[in-house]
Amino acid sequence: MMKLLGTTALASLLATGAIAAEVTVGAANVSDYLDPGRDHSNVGSQFYYNAFDTLVGKNHDRLEMEWVPALASEWKLIEPTLMELKLREGVKFHNGEDLTADDVVFSLNRMYQATFPPYVVRSKDRLSNFAEAIKIDDYTVQVRVEREEPLWETLLNLQQVMIIPEEYTKGLTGDPKVAEDSDFEAFSLTPVGTGPYKVAEFQPGQKVVYERFDGFWGEQAPLEKATVIRMPETASRITALKTGEADIVTNIAPDQLELINADPNLKTEGSATALFHVMIMNVNHPHLKDPKIRQAMSLSIDRDLLNEALWLGKAVVPSSHTMEEMGQLHQPDLVTFEYDMEKAKSLLAESSYNGEEIVFDAFPVYYTNGVLAAQAIMEMWAEAGINGKLNVTEKWTGNDPEMMARSWSNPMYFADPFGSFGVMWAPDGPSEGAGRFNTDEEYAEMWERFRFNGDVELRNAAYAELMDRIKQDPPVLPLYRPFESWAMKSNVNWAPKKGHIPYVLDFRAGSISFN
Amino acid sequence: MTDISHSFTLKAIRLPGIGLWKQANWIVRIATLVGLALVVLSVAAPLVAPFDPNDQSLISRLRPPLGFDRYKDGFFLGTDELGRDILSRCTFGLRLTFALALAGACISLLIGGTLGLVAGLAGGHLDDLIMGLVDAQIAIPMTLIALLTLSVFGSSIDIMILVLGIYGWEQFARIIRAEVKKLRQMPFVEAAQAAGAPPLRIAFVHVLPNVVSPIVVQFTLNFSNIVIWESTLSFLGLGVQPPTATLGSMVGTGRDYLPTAPWIVLAPALTILLLTFAVQILGDWLRDHADVRLRSR
Amino acid sequence: MIGYTLRTLIKMAVTLFVIVSLVFFATRLSGNPVDFVLGVGITEDDKQLLIKYYGLDGSIWTQYWHYLGSILSGEFGLSFLERRPVSAIVAERIGPSLKLIFGTMVFTFCVSIPLGIAAAIYRDRLAGSAIMIIAFLGYAVPAFVLAIVMIMVFSYWLNWLPVVGNSTFSHYIMPTIAMSGMWVAALTRFTRNAMLDVLSQDYMRTARAKGMPERVVILKHGLRNASITLLSVMGLQIAGWIAAGSVVVESIFSWPGIGEMLVRSAIQRDYPVLQFGVLSVAVAVILINAAVDIAYAYADPRIRLAKGT
Numbered sequence: 001m002m003k004l005l006g007t008t009a010l011a012s013l014l015a016t017g018a019i020a021a022e023v024t025v026g027a028a029n030v031s032d033y034l035d036p037g038r039d040h041s042n043v044g045s046q047f048y049y050n051a052f053d054t055l056v057g058k059n060h061d062r063l064e065m066e067w068v069p070a071l072a073s074e075w076k077l078i079e080p081t082l083m084e085l086k087l088r089e090g091v092k093f094h095n096g097e098d099l100t101a102d103d104v105v106f107s108l109n110r111m112y113q114a115t116f117p118p119y120v121v122r123s124k125d126r127l128s129n130f131a132e133a134i135k136i137d138d139y140t141v142q143v144r145v146e147r148e149e150p151l152w153e154t155l156l157n158l159q160q161v162m163i164i165p166e167e168y169t170k171g172l173t174g175d176p177k178v179a180e181d182s183d184f185e186a187f188s189l190t191p192v193g194t195g196p197y198k199v200a201e202f203q204p205g206q207k208v209v210y211e212r213f214d215g216f217w218g219e220q221a222p223l224e225k226a227t228v229i230r231m232p233e234t235a236s237r238i239t240a241l242k243t244g245e246a247d248i249v250t251n252i253a254p255d256q257l258e259l260i261n262a263d264p265n266l267k268t269e270g271s272a273t274a275l276f277h278v279m280i281m282n283v284n285h286p287h288l289k290d291p292k293i294r295q296a297m298s299l300s301i302d303r304d305l306l307n308e309a310l311w312l313g314k315a316v317v318p319s320s321h322t323m324e325e326m327g328q329l330h331q332p333d334l335v336t337f338e339y340d341m342e343k344a345k346s347l348l349a350e351s352s353y354n355g356e357e358i359v360f361d362a363f364p365v366y367y368t369n370g371v372l373a374a375q376a377i378m379e380m381w382a383e384a385g386i387n388g389k390l391n392v393t394e395k396w397t398g399n400d401p402e403m404m405a406r407s408w409s410n411p412m413y414f415a416d417p418f419g420s421f422g423v424m425w426a427p428d429g430p431s432e433g434a435g436r437f438n439t440d441e442e443y444a445e446m447w448e449r450f451r452f453n454g455d456v457e458l459r460n461a462a463y464a465e466l467m468d469r470i471k472q473d474p475p476v477l478p479l480y481r482p483f484e485s486w487a488m489k490s491n492v493n494w495a496p497k498k499g500h501i502p503y504v505l506d507f508r509a510g511s512i513s514f515n
Numbered sequence: 001m002t003d004i005s006h007s008f009t010l011k012a013i014r015l016p017g018i019g020l021w022k023q024a025n026w027i028v029r030i031a032t033l034v035g036l037a038l039v040v041l042s043v044a045a046p047l048v049a050p051f052d053p054n055d056q057s058l059i060s061r062l063r064p065p066l067g068f069d070r071y072k073d074g075f076f077l078g079t080d081e082l083g084r085d086i087l088s089r090c091t092f093g094l095r096l097t098f099a100l101a102l103a104g105a106c107i108s109l110l111i112g113g114t115l116g117l118v119a120g121l122a123g124g125h126l127d128d129l130i131m132g133l134v135d136a137q138i139a140i141p142m143t144l145i146a147l148l149t150l151s152v153f154g155s156s157i158d159i160m161i162l163v164l165g166i167y168g169w170e171q172f173a174r175i176i177r178a179e180v181k182k183l184r185q186m187p188f189v190e191a192a193q194a195a196g197a198p199p200l201r202i203a204f205v206h207v208l209p210n211v212v213s214p215i216v217v218q219f220t221l222n223f224s225n226i227v228i229w230e231s232t233l234s235f236l237g238l239g240v241q242p243p244t245a246t247l248g249s250m251v252g253t254g255r256d257y258l259p260t261a262p263w264i265v266l267a268p269a270l271t272i273l274l275l276t277f278a279v280q281i282l283g284d285w286l287r288d289h290a291d292v293r294l295r296s297r
Numbered sequence: 001m002i003g004y005t006l007r008t009l010i011k012m013a014v015t016l017f018v019i020v021s022l023v024f025f026a027t028r029l030s031g032n033p034v035d036f037v038l039g040v041g042i043t044e045d046d047k048q049l050l051i052k053y054y055g056l057d058g059s060i061w062t063q064y065w066h067y068l069g070s071i072l073s074g075e076f077g078l079s080f081l082e083r084r085p086v087s088a089i090v091a092e093r094i095g096p097s098l099k100l101i102f103g104t105m106v107f108t109f110c111v112s113i114p115l116g117i118a119a120a121i122y123r124d125r126l127a128g129s130a131i132m133i134i135a136f137l138g139y140a141v142p143a144f145v146l147a148i149v150m151i152m153v154f155s156y157w158l159n160w161l162p163v164v165g166n167s168t169f170s171h172y173i174m175p176t177i178a179m180s181g182m183w184v185a186a187l188t189r190f191t192r193n194a195m196l197d198v199l200s201q202d203y204m205r206t207a208r209a210k211g212m213p214e215r216v217v218i219l220k221h222g223l224r225n226a227s228i229t230l231l232s233v234m235g236l237q238i239a240g241w242i243a244a245g246s247v248v249v250e251s252i253f254s255w256p257g258i259g260e261m262l263v264r265s266a267i268q269r270d271y272p273v274l275q276f277g278v279l280s281v282a283v284a285v286i287l288i289n290a291a292v293d294i295a296y297a298y299a300d301p302r303i304r305l306a307k308g309t
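Just so you know, the sequences run in chain order H, Y and E.
Counting in the UniProt record's numbering, the first sequence tops out at residue 515, every number present.
Counting in the UniProt record's numbering, the second sequence tops out at residue 297, every number present.
Counting in the UniProt record's numbering, the third sequence tops out at residue 309, every number present.
The shape of chain H in the complex, shown without the other chains (with noise of 0.2 Å):
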């Protein structure tokens, strides 16, 4: 009996390690649906690039931006608010359907122009900017913005502006000339892109198989066949990496790298993530209310500790709410937050704090170490003579007024500030919409002109302004840059790639490959 087990897993451990071009990825999450355009999580963003492109490419290699057609070939500025696209010709979808502009207007509309609910939620905080996508001729389009644009590359090389096919989309359900909100959930049931792998089977929540495309119209992809499990235990997925169950598997916590190293058939990989583990205040909380608390809250925290104890040094604690891989717009040199307990001891003097309970939310297992970060800040809290009180819950309480502190993550959804703080912390963004955060009229000024303006400098230099308002009266602090680490055979080239939004899963030509 224990031969043939045995025998069973050593086969299966010789089959994976014998056709190289297939893996399977053991996930800690899969998303419950696929769709690039309403999905913004950080589950989800692992799975679109596979199967969908955009109209602008970027190169994933390398941290600074540098743009390169995809399924545009070409892309000019015609109007400073209009600009024209050439259409890359002798695109396939995976269904067989050619590209064409009808589809590219179609794409882009349903984010311009919304109406399906989740679509309209998705494309505000981002793309409010973008009119309309007009068609000129079968492979040439037009992109209409309200005020001239800035990030133009930026903006149309978004996940939630991927293409994906207008005729397959509209005849999903209903009437097959009509877009109704049933045809993109259908869709976010049966995805349809033109990228190098096509969505064979996809099982909610469970399951994404990917097989090759052969109609791809750049280079084939390396990989015959892809699969990613959810496997939401620890233990279970370091095993099924070592059984041979998995090839590829997600989340490995920073305290597990040592045991995974240490064998001499398995590696890590791993990145300190474009993304902030952040901790949001709730500015308008009556017990909150003054600054002084809150800069106490922020200032009483020792970021580096919690790096140095929880991240073994790995992730990234930032001076401000700025990132490299902003390029020119990175200002490492501002000093939004930092750590200074006498600091925060006297301004809790001074303030009118009077020992009322904090309380901080935090989900339960959604973030690594986010738990174990939340309970070292109550002890941090407690030495500045803050009362704070832990309350793990699953309920999103960013929009509940009782709602003093919690953790969030704010990621780097596009390669610009605007697309990390900005994307949350606009006037009317989602955080003053939530009504935990409020704007004037000074911070409107401000964030026109680091929104719109063409010069680098003058952004950056409305930037600082904002941020200094953020240091003044602040409403969240970044904590850091988790270190995110991914475990695999070693015989398995991958590792994440610094051009890219986090947690993208990258199968494409030159993103894989096997010793």
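Treat the hints as calculated values from the structure; they're not laboratory data.
Owing to the predicted nature of the structure, the values given are computational and were not obtained by experimental measurement.
Glycine residues also receive a C-beta, built at the ideal position from the N, C-alpha and C atoms.
Be aware that a few hints might be false.
To be verified - Pair by pair, the computed Cβ-Cβ distance ranges are:
hint : chain 1 : residue 1 : chain 2 : residue 2 : range
1    : Y       : I159      : H       : S182      : 54 to 60 Å
2    : H       : S319      : E       : D45       : 55 to 61 Å
3    : Y       : L129      : H       : E22       : 57 to 63 Å
4    : E       : K52       : Y       : V212      : 55 to 61 Å
5    : E       : A88       : H       : D440      : 48 to 54 Å
6    : Y       : V40       : H       : E201      : 55 to 61 Å
7    : H       : E74       : E       : G95       : 47 to 53 Å
8    : E       : D45       : Y       : A122      : 53 to 59 Å
As the list claims (entries may be wrong) - Lysine-lysine pairs mimicking DSS-like chemistry, simulated, CA-CA at most 30 Å apart:
hint : chain 1 : residue 1 : chain 2 : residue 2
9    : E       : K220      : Y       : K182
10   : E       : K99       : H       : K225
11   : Y       : K182      : E       : K11
12   : H       : K76       : H       : K92
13   : H       : K207      : H       : K289
14   : H       : K289      : H       : K471
15   : H       : K92       : H       : K177
16   : H       : K124      : H       : K289
17   : H       : K124      : E       : K52
18   : E       : K52       : H       : K170
19   : H       : K86       : H       : K135
20   : H       : K395      : E       : K52
21   : Y       : K181      : H       : K314
22   : Y       : K182      : E       : K210
23   : H       : K124      : H       : K497
24   : H       : K345      : H       : K389
25   : H       : K289      : H       : K314
26   : E       : K220      : Y       : K181
27   : H       : K292      : H       : K389
28   : H       : K207      : H       : K497
29   : E       : K99       : H       : K207
30   : E       : K11       : Y       : K181
31   : H       : K389      : Y       : K72
32   : E       : K210      : H       : K177
For this one, chain H is given, so just place chains Y and E on it according to the hints.
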């Protein structure tokens, strides 16, 4: 037959413990000692624990127990993922777990016992109603009830006790009802009924003493189940709020460290093992000795 | 007889109605899906937009009325998260769940009934105590600890058994044992106690006095009579497995079953999935209970007689 059981009861009352101790075999004696030790430990937790169970030391996380490399002086059982002393957390965790499980088991006995007795004695529509409730309870996964209760009322120790108290009442109810129904056919109960004894008297004098044995067994089962279930809630992220330690929450949140720092889980898991073991062996033994018919053989 | 059946059916329907209503109101009291994953980081206006889109804007009574109506017409709606009919989701997961439960059931009964009988027969000897101690172990270890320890030993170190999914027989070994642990302990104990009860009855003494061999006495008379108590316990256990037992094991072994679906939909307040899931489980449990009741009445003539009068 009745004489023997009477003398047994009286003896037990006169010399609590000693008579029982003499009759016990070595396994039961060990279980008793372990049980007593755990009770003492949990009562005296503040005296026994060398550190505050919630004191963190982020620079000395995940240190192993005495006798291993990187051992940190004074932290005999090692430190956990936030550098807290595992011995101290285990002692305080035991204390809270004990309290939670005891309170929970008592509540479910009270609810289930009352309903089961009523259903069994009253019969008719009341029986139907109660059994309907039991069926409904069995058919709704307990995790869902816990999840929804905790999210409506918030997660505090009081609510936790309530949630744990709901756990298993339906088993008490079903078992007691079944026993009562069996007993109702017995001559002595029928005789009492025929003699016009009031229902409450029948319930307390004739029926209740005779269902003690299944109740004791079920109580010990329920106690152990609650201990385990509390850890399952922690596994699902629904247990007591951190940083509070219970044995279950230590195991539930420490499981990710089983491959790398097994001592985090080992100490509380072994304590759970000892606790449930002792309780069940004692329960089983008490049952054997309280069972009238068995002793008469 | 027709009256009895009818009454039982009405009782079942009432129980189901109560469950469905309880779940409906409890979930809505505890927040709506937009308070969870769907609503992370959106403005209040957008939140209202989504609430309206998902049909959560009416008063709770309107929603309840609508829900009852849709149940009667067999429409159980779309999952909020997965946007496909909940019946499709449950259908996808029921198979793996049933297979796991069946495996667990077979394992549990095969192990614990012989163990319990042996423990009763040898109750005064070391063997009896040893059996009970081993059985108690099942109670003393949380299923997830047992599962993870097994994974570490049999998969991580020895590389004998697979940990993910349910495609071959060897995939069943660890999940089944992990799920059985507690139930083996419970059933062994109940079997033992039921046997002890029976062993002390007068008719057993009579049988012995007639000179029947002990084994025959135990197996023929003992087991048959003990099965009355066992039956009620078994009913509870099967129901327990279906309703509760599997979420932990399912998530550890990436087993796409009902338990994991129920907990996930409850956490995210995916009402349609949760409601349909609970309803399906409840129907299954109630049917099993009814079957057990009938078997119970059949096995114990006293109850059958009582019901007849």
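Status of the hints after comparison with the structure:
1. I159/Y with S182/H: 54 to 60 Å: violated (41 Å)
2. S319/H with D45/E: 55 to 61 Å: violated (34 Å)
3. L129/Y with E22/H: 57 to 63 Å: holds (59 Å)
4. K52/E with V212/Y: 55 to 61 Å: holds (58 Å)
5. A88/E with D440/H: 48 to 54 Å: holds (50 Å)
6. V40/Y with E201/H: 55 to 61 Å: Cβ of V40/Y to Cβ of E201/H: about 58 Å, so the range 55 to 61 Å holds.
7. E74/H with G95/E: 47 to 53 Å: Since E74/H and G95/E have Cβ atoms about 52 Å apart, the given range 47 to 53 Å holds.
8. D45/E with A122/Y: 53 to 59 Å: holds (56 Å)
9. K220/E with K182/Y: holds (21 Å)
10. K99/E with K225/H: Holds, at about 28 Å.
11. K182/Y with K11/E: Holds: K182/Y and K11/E sit about 23 Å apart, inside 30 Å.
12. K76/H with K92/H: holds (24 Å)
13. K207/H with K289/H: Between K207/H and K289/H the Cα gap is close to 46 Å, so the pair fails against 30 Å, i.e. violated.
14. K289/H with K471/H: Status holds; Cα separation ~15 Å.
15. K92/H with K177/H: Satisfied, since the Cα-Cα distance of roughly 21 Å is no more than 30 Å.
16. K124/H with K289/H: holds (28 Å)
17. K124/H with K52/E: Holds, at roughly 18 Å.
18. K52/E with K170/H: Given pair K52/E, K170/H holds - Cα atoms ~23 Å apart, limit 30 Å.
19. K86/H with K135/H: holds (11 Å)
20. K395/H with K52/E: Holds, at roughly 20 Å.
21. K181/Y with K314/H: violated (67 Å)
22. K182/Y with K210/E: holds (27 Å)
23. K124/H with K497/H: holds (28 Å)
24. K345/H with K389/H: Status holds; Cα separation ~18 Å.
25. K289/H with K314/H: The given pair, whose Cα atoms are some 35 Å apart, is violated under the 30 Å limit.
26. K220/E with K181/Y: holds (25 Å)
27. K292/H with K389/H: holds (19 Å)
28. K207/H with K497/H: holds (23 Å)
29. K99/E with K207/H: holds (20 Å)
30. K11/E with K181/Y: holds (20 Å)
31. K389/H with K72/Y: It holds: about 29 Å lies between the C-alpha atoms, which stays within 30 Å.
32. K210/E with K177/H: violated (87 Å)
The structure fails hints 1, 2, 13, 21, 25 and 32 (numbered hints given earlier, in ascending order).
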